[in-house]
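Asks: Numbering (UniProt numbering), first residue to last: 1 to 390.
The hints are simulated quantities; they were obtained by calculation from the structure and are not laboratory data.
Pairs of lysine to aspartate or glutamate residues, derived as EDC-like cross-links and limited to a Cα-Cα distance of at most 16 Å, are as follows: (1) K264 / D291; (2) K13 / D245; (3) K263 / D291; (4) K13 / E28; (5) K263 / D295; (6) K13 / E29; (7) K264 / D295.
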Amino acid sequence: MPYYRAVGELPRKRHIVFRRPDGGVYAEELMGEEGFSSDSSLLYHRHLPTAIVKTEPVTEPGGPDAEVTPNLPLAPRRFRTQDLPAGGDLVGSRQLLAANDDVRISFAAVDGASELYRNSVGDETVYVQSGSVRLESTYGAIEAAEGDYVVVPTGTIHRWVPHGRVNALVIAAAGHIRPPRRYLSDQGQFLEHAPYCERDLRAPAEPLLAEGPEAQAPTPVLVRTRGGLTRMTFAHHPFDVVGWDGCLYPYAFNIDDFEPIVKKTHAPPPVHQTFQGPNFVVCSFCPRPLDFHADAVPIPYNHHNVDSDEFMYYVGGDYAARRGSGIDVGSISLHPAGFTHGPQPGAVEAALGARQTSETAVMIDTFRPLGLGPAGRRAEDPGYAWTWAR
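All chains should be built: construct the whole structure from the sequences, respecting the hints.
Replies: Here it is in structure tokens:
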């Protein structure tokens, strides 16, 4: 994260004695990236965060049906998330749409609280398309609602508690998800040309402490590593952090706070970039004034991203460039490298003179090909590839 925060009770200096009210010593836990050489936070626990009493393997849900298959024969694809089943929780009920070795992209339509979870493979970003949900973690809680990105750092013990039905896109990286480097100074401050800044980010404001019998009871946590899943039982509930400080923590950012960059003629997707991950980027397409050159064509030109696959989740508004293709709110398009894509036939002429767009979409561009997950195969519109030929 680009800036320092301090929450709860802290001693004056790091790594000195910090006593509990009963005279005992709080246990430090350093959560740090890249082997002590990048962002970190220091958390102070009532109990030892190392005290576990049991570990047991967990079978990955889905079995062979969860396999990712190549996008062959190569084709542009459309997925209807509206056709996917609802129920479950934001950890155990993710429905895999597409994936490669860098990122796994899933859809979730859920209404139940998840178990405690720690992803030790990489950061996760959850985009809330509808509904509202509470992220509870060792750092504290964040309330999130429609339009929020919630970024959860690697190794954070957390759970999701929805307030009713929630539709969400889950982006699980094989590394870290951060603001684009070009938006930051050498010291990590957002620069004036960045389309969002520190004031737009929401992080836990106070500790979240388990109390009563729950605090003292052995507590299972589902842990994901590169080797698979384990259910690890801690001697005490891990929500026992009285304070923390540092530059590594979960945070939320609402897509409505993204400030679009506008040009005289059509601007390419990098102006919409919101986050960067390992070999992928996340972009936010938001309502904005359109190009203001007198002869501008105010919708995308046909383009072929030779180095990337384009995965687009349409979450609000009206998609003039693809009107007539079946794209609507809740749709996802996958336009792979090897295919030239662009506006629907007739859309250029229809858009001339337009001054405003109302669309909202989340785009993930990957620099290695995306394979198709079981939910993507199940929700695909088989006629989408031919919509440009109509």
